[in-house]
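Number of protein chains: 2
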Amino acid sequence: MPVSEQPTRTPESASRPRKALTIGAVCKILQSEFDDVSISKIRYLEDQKLLSPRRTSGGYRLYSQSDVERLRTILRLQRDEFLPLRVIRQELAGGGELILGGDTERKPTNGAARRAILVDTSRAHLSLEEVVEETGAREELIGELENFGIVEPEKREGKTVYDETDREIVRAANELSRVGVGARNLRVFRSSADREANLLEALLGPSLRSRNPERRKEALQSLESLAATVSHLKHLLLVRDLRRLAGD
Amino acid sequence: MPVSEQPTRTPESASRPRKALTIGAVCKILQSEFDDVSISKIRYLEDQKLLSPRRTSGGYRLYSQSDVERLRTILRLQRDEFLPLRVIRQELAGGGELILGGDTERKPTNGAARRAILVDTSRAHLSLEEVVEETGAREELIGELENFGIVEPEKREGKTVYDETDREIVRAANELSRVGVGARNLRVFRSSADREANLLEALLGPSLRSRNPERRKEALQSLESLAATVSHLKHLLLVRDLRRLAGD
DNA sequence: CCAAAGGTTCAACTGTAGGTTGAAGGTTTC
DNA sequence: GAAACCTTCAACCTACAGTTGAACCTTTGG
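Order-wise, the sequence lines are chains A and B. In terms of my numbering, the first sequence has 217 at position 189, counting the first letter as 1, and numbering is strictly consecutive. In terms of my numbering, the second sequence has 170 at position 142, counting the first letter as 1, and numbering is strictly consecutive.
A couple of the hints might just be wrong.
Pairs count within a copy or across copies, as identical chains cannot be separated in the list.
What the hints assert, rightly or not - Here are the simulated DSBU-like pairs of lysine-lysine, each with C-alpha atoms no more than 30 Å apart in a straight line:
{"hint": "1", "residue 1": "K69", "residue 2": "K56"}
{"hint": "2", "residue 1": "K77", "residue 2": "K56"}
{"hint": "3", "residue 1": "K77", "residue 2": "K183"}
{"hint": "4", "residue 1": "K77", "residue 2": "K47"}
{"hint": "5", "residue 1": "K69", "residue 2": "K47"}
{"hint": "6", "residue 1": "K183", "residue 2": "K47"}
{"hint": "7", "residue 1": "K187", "residue 2": "K77"}
{"hint": "8", "residue 1": "K56", "residue 2": "K187"}
{"hint": "9", "residue 1": "K187", "residue 2": "K69"}
{"hint": "10", "residue 1": "K183", "residue 2": "K69"}
{"hint": "11", "residue 1": "K47", "residue 2": "K187"}
{"hint": "12", "residue 1": "K183", "residue 2": "K56"}
Hints in this document: simulated from the structure, not taken from any laboratory.
Starting from the given sequences, assemble the full structure and let the hints guide the process.
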């Protein structure tokens, strides 16, 4: 029998903080697993905001065990799943949504939802009847959602049309309504989303309004990954509150 | 009553041996579904051996129904699964075995491995130093997060210990801090999370306080899935706001 | 204390994927 | 017979994912 390989991590004592590694050491470790890893590549990934190791006072990068784990994940997603770095960045930022969330089964969206968020691809706009048909929500509910500003469909030549985001909102709201969370309760979410958007806008606004298209694009991109992180954070806070209320 | 619109394809009836289409017609058809399709792109895909339509005696390309279907698949794999053409070509050549079987030796990974990697970090409670090591956050930041009630570690026998959720919060906050969102800005998220938790608690509270432990556990679970839905909804609302801010 | 080994940034460069454009010309359809 | 549509081919373009080199700094071990 082949000796089972002895990975650097010991399965049980995973909590061992262990020594932080320099970039060369990390590179050497991962070389057996990924033949295309290199020091310059690791630096490049950091430049692309996929990693951010601590630094020594002298500026040397120091990779913790979890940094290495994250890097391993990045390299695997790239090599085996063919994901572009932009997508990997999002998946890692939104960690909870796609990876931890445990809704890998519930969500039918797993493949399609990976699409970029702010770049509105599917341009399809549906009518009210079609939305009812697609989401299974009562028409009345949709009306309420509009009244409370939860969905804000476009008016187009006298007709009201709903885009993909509107429809997803309707689906989520419908699910909540089945357990007794009515549309009026959702206003709370709406206003906090507004506040949060303003916060982010205040931060990135200047670059977003920049006339330099390169700068604008960059800002838009970081806005996307920021949104994912913020959402993840909010989710964590909510879950924690709920655990407490539950008397955990 | 608005007339329900009549899509170009008839759902079940008629015209089995449908007419073969020229490249322009195919392009027009797919444009509603894929906004980046173009005549030159379709030709390019053929050049890359992903398609091979019949030709008229004069050299015009003629696309059968199944050619169109194949093209649709190609575009979908490219857009939604981010597969490079080289891989799509192979998958299609392999007669769909790879698509359906998902085998490929090296990518048996789809959901399971992802979860494993990120979940496996044990439920252990770590000390402050360990958290610093693991997350790469400055100790100062963690202190601020505690002051603002963003993380609320447990005190255990005089020592402060951080559980997995605390650590994830620190990670997310650290990422945000790098782009200028300081701990104090996060209070906004905290208070909205609190409000939302109260809302949900009011709804499911009774079962949560049940003395029957089974019932309690069940309620807790549906609460978590509710939280996931709520988080998703909030995310959508946020993204919509941001899109508006970015859009003009 | 000092040298060697290893690290840092930054700008410029490379290679490949995935197309687009334009010119010059042929085919179909009315 | 002309308008609309199609053909090829070569040149060009943009983005992504890095690599390379120069100039300089940090760590470590004898």
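- Task: Quick one: which hint numbers does this structure break? Sort them smallest to largest.
- Result: 3, 7, 9 and 10
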